[in-house]
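Undergrad: Sequence:
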Amino acid sequence: MRAVRFDRFGGPDVLDYVDLPEPTPGPGQLRITVEAAGVNYADTHQTDGSYLAADQLPFVPGSEVVGRTDDGTRVLARVRGGYAEQVVADAGTVVPIPEDLPAAHALALLMQGLTAWHLLTTAARLASGETVVVHAAAGGVGSLAVQLARHMGAGRILAQASTDAKRALALDLGADAVATYPLENPADVILDGTGGALFDDALGSLGTLGRIVTYGSAARTPAAPVDPQRLARLGASVVGFWLRPVLARPDAVTGPLRELLALTAAGALRPLAGPSYPLADVRRAHQDLLARRTTGKVTLVP
9 MRAVRFDRFG GPDVLDYVDL PEPTPGPGQL RITVEAAGVN YADTHQTDGS
59 YLAADQLPFV PGSEVVGRTD DGTRVLARVR GGYAEQVVAD AGTVVPIPED
109 LPAAHALALL MQGLTAWHLL TTAARLASGE TVVVHAAAGG VGSLAVQLAR
159 HMGAGRILAQ ASTDAKRALA LDLGADAVAT YPLENPADVI LDGTGGALFD
209 DALGSLGTLG RIVTYGSAAR TPAAPVDPQR LARLGASVVG FWLRPVLARP
259 DAVTGPLREL LALTAAGALR PLAGPSYPLA DVRRAHQDLL ARRTTGKVTL
309 VP
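End of the sequence shown = 310 in the working numbering, gap-free, step of one.
The set of hints was computed from the structure by calculation and includes no laboratory data.
Among these hints, one or two may not hold up.
[Said to hold, decoys possible] Computed spacing ranges between beta-carbons, pair by pair: (1) L28 with S170: 16 to 24 Å; (2) A227 with T32: 36 to 44 Å; (3) V309 with P253: 27 to 35 Å.
Ideal Cβ placement from N, Cα and C applies to all residues, glycine included.
Just need the whole structure built from these sequences, with the hints factored in.
TA: In structure tokens, the structure reads:
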């Protein structure tokens with residue numbers, strides 16, 4: 009079968025399109041023929057070696073797929089090595105999905121949807137009526153966080169994005185206004201997956217008892233050190249979030265994912281389908297993602 013693998017850390021150029029043996033499911037596993045694999049920003053960090061958890065080389069990236077099990081059931085699954093024509097998955101991570109649900113929409117609800125859900129509930133502990141700022145609000149996580157914040161009772165939602173088109177998209181998804189720092193009125197919750205100078209600007213607009221949740225470093229530059237006394241004066245918090253350990257907690261996946269699927273089926277949540285690339289064009293997919301030329305869920309199609 010065909011798959012994507014890298015044998016050394018680096019940029020998109022280290023991703024190779026190769027032949028690998030077909031996987032054989034072990035006890036408690038299912039084999040899935042991949043319809044589409046999701047691309048996440050974390051995949052680029054795995055590729056360059058900057059991911060929080062180091063992976064052993066050689067490595068096949070990809071943590072989520074839509075496809076069919078050997079009995080023909082269409083499923084959404086968390087996997088290792090998803091950039092491939094076939095994968096195996098633990099049966100407990102496999103969720104049947106409707107035939108009419110687009111693969112990109114289903115994939116958007118898995119890692120990115122669960123991230124947005126847990127950012128607002130588990131990490132930020134959003135309360136009704138609070139003001140939320142979402143960075144990269146047209147991206148995979150951000151676009152869902154904007155919508156979920158409204159569903160969860162946020163009083164005001166501000167969107168930060170890098171271009172006029174992306175800001176317009178965030179407003180169309182339900183944001184009340186564009187976030188421009190310093191904010192006129194301090195925020196209760198700020199979701200930041202960018203880091204760097206944007207994190208520093210955001211911290212300056214955090215209100216009393218506010219929470220800024222940092223869950224990524226797309227800027228790939230460090231933020232300035234945080235003065236604990238500055239936080240103490242506000243009673244504010246900087247909360248770190250990483251999805252991987254959260255997924256190991258009881259009820260961290262099934263309940264939230266069912267909620268996300270139900271909201272999507274009811275038309276209350278609109279996942280964004282981004283560009284789709286042939287699996288062989290994985291380098292271009294990563295290049296476009298790193299250059300912030302994409303919006304919504306990026307997918308690879310074998």
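Undergrad: Mind listing which of the numbered hints don't hold for this structure, in increasing order?
TA: 1
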